[in-house]
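> Take a look at the letters that make up each chain.
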Amino acid sequence: MKGISSKWKWLLLFSCLTICFGIYPETRTNAFSSQVIQKGAVGDDVIELQARLQNIGYYNGKIDGVYGWGTYWALRNFQQDFGLPIDGYAGTTTKQKLTNASNFNRAFVHEQINKGNEFTYYGGVDIEKQVKVKGNANAPKSGGANDKSGNAPSKTTTAANLPGGYSQNDIQLIANAVYGESRGEPYTGQVAVAAVILNRVESAAFPNTISGVIFEPGAFTAVADGQIWLTPNERAKEAVVDAINGWDPSGNAEYYFNPETATSKWIWSRPQIKKIGKHIFCK
Amino acid sequence: MIRNIVIALLVVVVAGTAFWGYQEHKEKNAVLINAENTYQRAFHDLSYQVDLLHDKVGSTLAMNSRYSLSPALTDVWRITSEAQSDVGQLPITLLPFNKTEEFLAKIADFSYKTAVRDLDKEPLNDQEYSTLQSLYTQASDIQGELRKVQYLVLKNNLRWMDVEMALASGKENTDNTIIDGLKVVEKKVSGYGETNEMNPTFTSTQQRDENFKNLQGKTITKEEAIATAKSYIHSKSGNLKVNVEENGKGSDYGFYSVSILDKDSDTELNMDLTKKGGYPIWYINNRDVNKTNIDLNQAYTKAEAFLKEHDFSSLELFESAQYDNIALLNFVTSENGVKIYPDSVKVKIGLDDGSVVGFSADEYLKSHKTREIESPSISEKEARDKINLNVKIMESGKALIINDIGEEVLCYEFMGTIKEDTYRIFINADTGQEEKVEKLKNSEPVYENLI
Numbered sequence: 013m014k015g016i017s018s019k020w021k022w023l024l025l026f027s028c029l030t031i032c033f034g035i036y037p038e039t040r041t042n043a044f045s046s047q048v049i050q051k052g053a054v055g056d057d058v059i060e061l062q063a064r065l066q067n068i069g070y071y072n073g074k075i076d077g078v079y080g081w082g083t084y085w086a087l088r089n090f091q092q093d094f095g096l097p098i099d100g101y102a103g104t105t106t107k108q109k110l111t112n113a114s115n116f117n118r119a120f121v122h123e124q125i126n127k128g129n130e131f132t133y134y135g136g137v138d139i140e141k142q143v144k145v146k147g148n149a150n151a152p153k154s155g156g157a158n159d160k161s162g163n164a165p166s167k168t169t170t171a172a173n174l175p176g177g178y179s180q181n182d183i184q185l186i187a188n189a190v191y192g193e194s195r196g197e198p199y200t201g202q203v204a205v206a207a208v209i210l211n212r213v214e215s216a217a218f219p220n221t222i223s224g225v226i227f228e229p230g231a232f233t234a235v236a237d238g239q240i241w242l243t244p245n246e247r248a249k250e251a252v253v254d255a256i257n258g259w260d261p262s263g264n265a266e267y268y269f270n271p272e273t274a275t276s277k278w279i280w281s282r283p284q285i286k287k288i289g290k291h292i293f294c295k
Numbered sequence: 060m061i062r063n064i065v066i067a068l069l070v071v072v073v074a075g076t077a078f079w080g081y082q083e084h085k086e087k088n089a090v091l092i093n094a095e096n097t098y099q100r101a102f103h104d105l106s107y108q109v110d111l112l113h114d115k116v117g118s119t120l121a122m123n124s125r126y127s128l129s130p131a132l133t134d135v136w137r138i139t140s141e142a143q144s145d146v147g148q149l150p151i152t153l154l155p156f157n158k159t160e161e162f163l164a165k166i167a168d169f170s171y172k173t174a175v176r177d178l179d180k181e182p183l184n185d186q187e188y189s190t191l192q193s194l195y196t197q198a199s200d201i202q203g204e205l206r207k208v209q210y211l212v213l214k215n216n217l218r219w220m221d222v223e224m225a226l227a228s229g230k231e232n233t234d235n236t237i238i239d240g241l242k243v244v245e246k247k248v249s250g251y252g253e254t255n256e257m258n259p260t261f262t263s264t265q266q267r268d269e270n271f272k273n274l275q276g277k278t279i280t281k282e283e284a285i286a287t288a289k290s291y292i293h294s295k296s297g298n299l300k301v302n303v304e305e306n307g308k309g310s311d312y313g314f315y316s317v318s319i320l321d322k323d324s325d326t327e328l329n330m331d332l333t334k335k336g337g338y339p340i341w342y343i344n345n346r347d348v349n350k351t352n353i354d355l356n357q358a359y360t361k362a363e364a365f366l367k368e369h370d371f372s373s374l375e376l377f378e379s380a381q382y383d384n385i386a387l388l389n390f391v392t393s394e395n396g397v398k399i400y401p402d403s404v405k406v407k408i409g410l411d412d413g414s415v416v417g418f419s420a421d422e423y424l425k426s427h428k429t430r431e432i433e434s435p436s437i438s439e440k441e442a443r444d445k446i447n448l449n450v451k452i453m454e455s456g457k458a459l460i461i462n463d464i465g466e467e468v469l470c471y472e473f474m475g476t477i478k479e480d481t482y483r484i485f486i487n488a489d490t491g492q493e494e495k496v497e498k499l500k501n502s503e504p505v506y507e508n509l510i
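Chains as they are written, first to last, in my numbering: chain Y, 13 to 295; chain G, 60 to 510.
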């Protein structure tokens, strides 16, 4: 190592820095990635799209990084006013026209999102005045706050897409039941258990709500023995979303049981549809 | 000798007591869990009912005719009473929750009075309309707060039994999330609605019972089922473990379940195919998708190519959404510019490499058939006039849907907005009747960020 004099080292370091700085501003000015943004998309491009549309007064909703209906109508109105094909897709031309017509302060917008502030991004108004800093009145307990900022390096979106008619909490509740009932089962088996819960909600013979079905006395062993309160993994949640979106590996079943542990004789009298993993699914 | 007998007796007594104590403990636990579950059910049910109430009241805002308004208001009334009964089951007698109950009663009153009236002779006046609007706003507040409490309850595994004990003992120093949360709800005082209003691609229960009777083709063998399943995975691996099983006796229709385990990559493909014609009902590839490399639009192109490859023709994209690293694309048949909503096919794309990780043609296969679509007897202009004036119409088209009584009807479809909310409205193309009014879900905030 002694062969390289300190002079060379400095030069190397310097040239590295120059290259870095040389590249940096260029990537910064590149607005949007190359993707065609369509309804249902999430992420940084959507944040930019919403902020830019708000900047020129087309979008009045929250800048949350999820391309929903509000964003869709805003973009279509923009496309109409700027003589573009009105399709709700933000392709190259649309993005170019939008970039030319509006301002976008990436650092500011992302800072507000990371801090969880409520904010808007209208043009012609001082941006600092459009921020409502998250309430200090009921400041979170210090421990929790620290944990959170440590674990979440960069939040990009503050909302989520949801399958028709269900909220995140509904999904969480079904996921709890699915995980408690079938955590050792193959993925398809978990989707099937979620589908059975949904089939019961639809069926006239069972309660009409998710919580009604899940907490019906005696319906699920995981509820009776408290295993429903184990924390479900992401896989269980994915299974629930699949089932809600129309995957039903159970073949329209309304019952299932594990032949090794089933205590009730009655369950054997149900017409069986199929077996997935350890569970037998019945009508 | 006597000493030994006494010792033996004592041992028996101690063992007996221990056993009895353990039994009692077990029973007590069972009872506690049972009570806890009842409370949990009432609470989750309440927040669901309030959600539903909010949506239903929202839908009524966009309705115009007696045909849809009266049933909708009756529904609101019913949901309100269910929500009230849920409130009654919660262990919060020691908590001031009467404002919320009052609010529920107010909605119940209003919806009942207007539902039983002949709305054709005496439609909602401006003041009633604004009452409805303010109830809607309040419902939205309560919904938001309840959802926050629910999120915390689920996240922190909170127990209602603990709340009850805290309230009873007057010691509120433990975790007060539930109590505090409900106090906030009480302050905001709002209502709720019933949401089984699925989007139009969900085939009704009646439709489900028909069990693929429209399918054409001859019955396939197990080998053909395996061959079809293989054509979906494109696996070059020679190390496959294939398994195929027939449906059990309890199924309403015949199907094969094929599973193909690729031992090289340790991924498994599961697929059900109808015996008649060998159509794929659904398939799931269980591999983990942990990265996002392509965007939703590219996923859409991949899904289209996939459908084309497997002979699903004349489909058009209806909805697309991104969940973490998965894209879900929902396609419906389009015939001469008419969207056939019951014919829906869903494709799930992994955003890491763009491959298809899931596919469901369940609804499509159950409802797809050759249809004679008649031309509408009223014009689009006439249909448009049937729509509530508060709705700003943004988009229109023609669509075939299944209405509330399970019939397929041709409708004019209008997409419109009232303030920030988007509605989808179907007007029967023959009778001009309002068949369906849906308030479309906006994306939901992540509650963790709101707390």
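Among the hints, erroneous ones may be present.
Said to hold, decoys possible - No more than 16 Å apart at the CA atoms, straight line, and that leaves these computed lysine to aspartate or glutamate pairs for EDC-like:
{"no.": "1", "chain 1": "G", "residue 1": "Lys242", "chain 2": "G", "residue 2": "Glu304"}
{"no.": "2", "chain 1": "Y", "residue 1": "Lys74", "chain 2": "G", "residue 2": "Glu503"}
{"no.": "3", "chain 1": "Y", "residue 1": "Lys290", "chain 2": "G", "residue 2": "Asp311"}
{"no.": "4", "chain 1": "Y", "residue 1": "Lys295", "chain 2": "G", "residue 2": "Asp311"}
{"no.": "5", "chain 1": "G", "residue 1": "Lys308", "chain 2": "Y", "residue 2": "Glu246"}
{"no.": "6", "chain 1": "Y", "residue 1": "Lys74", "chain 2": "G", "residue 2": "Asp323"}
{"no.": "7", "chain 1": "G", "residue 1": "Lys242", "chain 2": "G", "residue 2": "Glu223"}
{"no.": "8", "chain 1": "G", "residue 1": "Lys500", "chain 2": "G", "residue 2": "Glu304"}
{"no.": "9", "chain 1": "G", "residue 1": "Lys214", "chain 2": "Y", "residue 2": "Glu246"}
{"no.": "10", "chain 1": "G", "residue 1": "Lys495", "chain 2": "G", "residue 2": "Glu466"}
{"no.": "11", "chain 1": "Y", "residue 1": "Lys74", "chain 2": "G", "residue 2": "Glu181"}
Simulated from the structure, these hints should not be mistaken for laboratory data.
> Indicate, hint by hint, whether the structure satisfies it.
Results for each hint:
1. For the hint linking Lys242 of chain G to Glu304 of chain G, the alpha-carbon distance of about 55 Å lies beyond 16 Å, and the restraint is violated.
2. Of the pairs offered as hints, the one joining Lys74 of chain Y and Glu503 of chain G holds, with about 11 Å between alpha carbons and a cut-off of 16 Å not exceeded.
3. Taking the CA atoms of Lys290 of chain Y and Asp311 of chain G, the gap is near 22 Å; set against the 16 Å cutoff, the hint is violated.
4. Annotation: proposed proximity of Lys295 of chain Y to Asp311 of chain G holds, straight-line Cα distance about 9 Å (limit 16 Å).
5. At roughly 34 Å between alpha-carbon atoms, Lys308 of chain G and Glu246 of chain Y are farther apart than 16 Å, so this suggested pair is violated.
6. Between the alpha carbons of Lys74 of chain Y and Asp323 of chain G the distance comes to roughly 46 Å, so the proposed pair goes past 16 Å and is violated.
7. For the given pair, Lys242 of chain G sits about 15 Å from Glu223 of chain G by alpha-carbon distance, which is consistent with the 16 Å threshold.
8. This hinted pair does not check out: Lys500 of chain G and Glu304 of chain G have alpha carbons roughly 40 Å apart, beyond 16 Å.
9. Pair hint Lys214 of chain G plus Glu246 of chain Y holds up; C-alpha atoms about 14 Å apart against a cutoff of 16 Å.
10. The hinted pair formed by Lys495 of chain G and Glu466 of chain G meets the criterion: a straight-line CA distance of about 13 Å does not exceed 16 Å.
11. The hinted pair formed by Lys74 of chain Y and Glu181 of chain G fails the criterion: a straight-line CA distance of about 39 Å is larger than 16 Å.
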